[in-house]
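Given chain A's structure and the hints, the job is docking chain B onto it.
Protein chains in written order, with this note's numbering: chain A, 9 to 552; chain B, 325 to 762.
Bear in mind the hints are in silico, worked out from the structure with no lab data behind them.
As the structure is a prediction and not an experimental result, all values here were calculated from the model.
Note that the Cβ used here is the ideal one computed from N, Cα and C, for glycine as well.
A portion of the hints provided could be inaccurate.
For lysine-lysine, the following DSS-like pairs were computed, each having C-alpha atoms within a straight-line distance of at most 25 Å [unchecked claim]:
1) Lys404/B x Lys120/A
2) Lys299/A x Lys584/B
3) Lys135/A x Lys455/B
4) Lys388/B x Lys172/A
5) Lys584/B x Lys291/A
6) Lys488/A x Lys583/B
In silico negatives: residues of chain A with every beta carbon more than 12 Å from chain B [claimed, not checked]:
7) Val133
8) Glu330
9) Ala505
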Amino acid sequence: MKRSEFLYLSGLGAGAFMLPGLSLMGKSIDPAQALDVVDVRIKKALADVALNAARSKGASYADIRIGRYLNQFVSTRENRVLGVTNTESYGVGIRVIADGCWGFASSNNVEKEDIAKLAERAVAVAKANAKIQGEPVKLAPQKGYGEVSWKSPIERNAFEVPVKEKVELLLSTNAIAMQGGASFVNSVILAVNEQKYFASTDGSYIDQDIHRIYPNFTVTKIDRSTGKFDTIRSLSTPMGMGYEYLDPKESSKVRGIVTRYKDRYDILEDIKSATVKVDEKMKAKSVEPGKYDMVLDPSHLWLTIHESVGHPTELDRVLGYEANFAGTSFLSLERMNSKKFNFGNKLVNVVADKTQKGSLGAVGYDDEGVACKKWDIVKDGILVNFQATRDQAHMIGLNESQGCSYAQSWQDVQFQRMPNISLLPGKEKLSVDDLIKNVEKGIYIIGDGSFSIDQQRYNFQFGGQMFYEIKEGKIVGMLKDVAYQSNTQEFWNACGAICDESDYRLGGAFNDGKGQPSQSNAVSHGCSTTRFNGVNVINTARKI
Amino acid sequence: MGILSKEEAQAILKKALSFSKADECEVSLSGSQGGNIRYARNAVSTAGDMSSMGLAISSTFGKKTGSATINEFDDASLEKVVRRSEELAQLAPANPEYVTLEGPKTFAESITFNPATAAITPDIRAEAVRKSLEVAKAAKLEAAGFLENTTSFSAIMNSKGLFAYNKDTDVSFSVTTRNQAGTGSGYVSNSFNDISKLDTLALTKIAAGKANGSAGARAIEPGKYTVILEPLAASDMLSNLVRSFDARGAEEGRSFMSKKGGGARLGEQLFNEQVNIYSDPFNPDLPGATWNGDGLPIERTSWVEKGVVKNLSYSRFWAQKKGVKPIPGAGRIIMEGGSASLEDLIKSTEKGILVTRFWYIRSVDPQTLLQTGLTRDGTFYIENGKIMFPIKNFRFNESPIIMLNNVEALGKPERNGNMIVPPMKIRDFTFSSLSDAV
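Extracted from the complex, chain A is given alone in its bound form (with noise of 0.2 Å):
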């Protein structure tokens, strides 16, 4: 099967939850089992065994991550739980130079003589694979750290939280959507711990305990008579945190036409407004296709960034080393050495940030050890950094790595992933009201849809949840069918305006996917409600 950028989770649907079938995520496990830990001086003893055996072998460099992947999810329809699953996943990777090639191997037996045995065998996979290989490759120097430890910074282990806590939760969720008239309802809540212990030959013993969730629904109206349907998803999004996401708290509420939030999520208002939304959609004009100045807001326009901005400054992409399966870039190493190439106009600034608190992608230290950092992608409109790992670093002259390394378990091969890329907000006070006075005939969209872009990131088109039709600067009705396209340079060129910092907002996903055999990667985005002068919008609805 072909897989493609965002991941189809649709195998973990309600059918995957009652079989005991091994789930895409790992095994299942009871949640009470969720709360052991591997102690670490197990850890610094097997990864001893892991370096000396591949260095006996003729390895140059030798990393090993043994790692302890949880997953919950809770899911429900309606009035009814359709599963509560606990996974677990446990096993280690070793990757090594040998011969200048690299070479990786992983297993879940988790045993002294097994982990000599498999740093043997990624060393035979290196040294056969040597024999085709052009340039021996070249790291980044990087210092060894010693023994040290990152957690994120969590106020409730979402495993720690009883599961009838999260059943109630959503239960109370799908009630208030099926008094109001829905006619079906689904809510989920996904979390994730990943327990990550990294050792290399450079002298890195590194552990690290980080945590995700995403609490979500899809609240579905339809109308026998005509046969027609609709859908609304919830405004959350998934984020670095623990379960205290699902604390509501009136300052992380972001008022408007449509409630939107920051650090903490109300699900159970958002159920209800989603309900009555749900309602006015499918009663919404059809839009009339044409130019329109459009207004994004985050729970949007972080998709927008992560396809246009994100993927294109992926330093793999430009060299060519995604060439068969996500693609290359429209930027290359001269475009961005020239330091004239304008991504985007003046108010444009994008930063790489891998240290950002509640984000996905915050960690203390990558896949390769090396500490987070953040660093400028676009300043002032103008290309200037990628997104690099240790083998990447010198292509772009620089002596140490961005810390870009990620695997999506201990079973998969490490390579470069998207850290948070982030449009900064406007430096000029600008409320999200404002902004939309100034517009005489545009689109406000809430909520991220349908996305699409080409291999090189140039010609992209996006839908959305909601979608107001804004007249002579005032909202005067929703809308339905539309779909913005646009080729992303001449896009951020047209950026108008950016709402200041009292607006900003984390957008994100789990299941980015890039890379053979395909892997996820939890990437966010920040940014602030902005303006987009004159883009194309079509409409999408059909007769079948």
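Showing chain B alone in chain A's frame:
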């Protein structure tokens, strides 16, 4: 642990079940081993060797189910995991959609295992990639590709006496070749059960031909065109359609298969008469397991006959509720075609566009299955039965339902990924904008 034989798997499953005290219990065991090479810029970028195995158990009291898993297989560990699943079942909320387990059945022996594919080593992979690189270097192109082989087994057993086992092999290869200037790109991909059918040299030559042939593309106006879709492009368009062949979604009113006033559009003529789609685990080019995780047999199933929808999948719960036989989903599908070659389809076209493949297809409207995406790696303009010149890539907005109504002709089917589909000639295919991407 790697790959267990039927007898080895059966012994572990039997042992685990012997500890069960639940009303119903089912155990599954699966494992895989394999390896891959990824290359880019005419050199290896990453490569690996992977293996894993695990056992999962579900215990049910009434309609309360608990699941647990383990990757140790001694008696004490097996008993521990059974007890844990039973404790969890007692704590779980009752699931109103729980259906009692399937009883014993005899499943046909599958044809999914190939010993030569199972015997692939890192050196065999390296040699296959060397041949591909040789073609690219000789043609002065840059190659990026991926070769992966997997051998896996899975087995299930339950307290009602059901047992099933399957062993599977697969090797897949894809390569993109691009010219130095970045103005031409070609692609080829295929998957095989049997390694002897994989010829990385011949496949890379096809990609190289596309790369050179697509250089210097001209822009033509977007709009409605007759298209010739190569089998790869045709299979890209059909993936979402196949996922929608489900009775529950249709009968609940939230699928393109939902009928006005309620019910499913089963038995309706939804597509052109030339459209016939089925699945068959015994197709030698696309063999599949003969049972699924629910313990249901997977048999030859007809989905569309002469454009009429003949079957929709029914989960065990939905089948019981509706009083019909459960039907596993349309996983690996085969669409029938004719005997015409791709060249024949081109020859018969007065004015049209040849599409090698599509990219980044996403659903735009589930109501009509409208989807958007782009052409990639070789798009050509056809006039008077001949390829005239390469053209720039397009974004399309089109529904596979409309597309399968506009079928002019179908060619000889070929496997791509997990589908066998013919090249297709389709009229009035909607391209909505141009892309600068190569």
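Hints and how they fare:
Between Lys404/B and Lys120/A the alpha-carbon distance is near 24 Å, which keeps this suggested pair within the 25 Å criterion. Restraint check for Lys299/A and Lys584/B: the C-alpha separation of about 34 Å exceeds 25 Å, so the hint is violated. Distance check on the hinted pair: Lys135/A and Lys455/B sit about 18 Å apart at the alpha-carbon level, within 25 Å; holds. Of the pairs offered as hints, the one joining Lys388/B and Lys172/A holds, with about 14 Å between alpha carbons and a cut-off of 25 Å not exceeded.
Note on Lys584/B and Lys291/A: the hinted pairing holds, with a Cα-Cα distance of about 17 Å set against a maximum of 25 Å. Note on Lys488/A and Lys583/B: the hinted pairing holds, with a Cα-Cα distance of about 22 Å set against a maximum of 25 Å. Consistency note on Val133/A: stated as away from chain B, yet its beta-carbon is not over 12 Å from all of that chain's, at 5 Å minimum. The beta carbon of Glu330/A sits about 8 Å from the closest Cβ of chain B, which is not more than 12 Å, so the claim that it is off the interface is violated.
With a cut of 12 Å on Cβ distances, Ala505/A stays outside the contact zone with chain B, its closest approach being about 26 Å.
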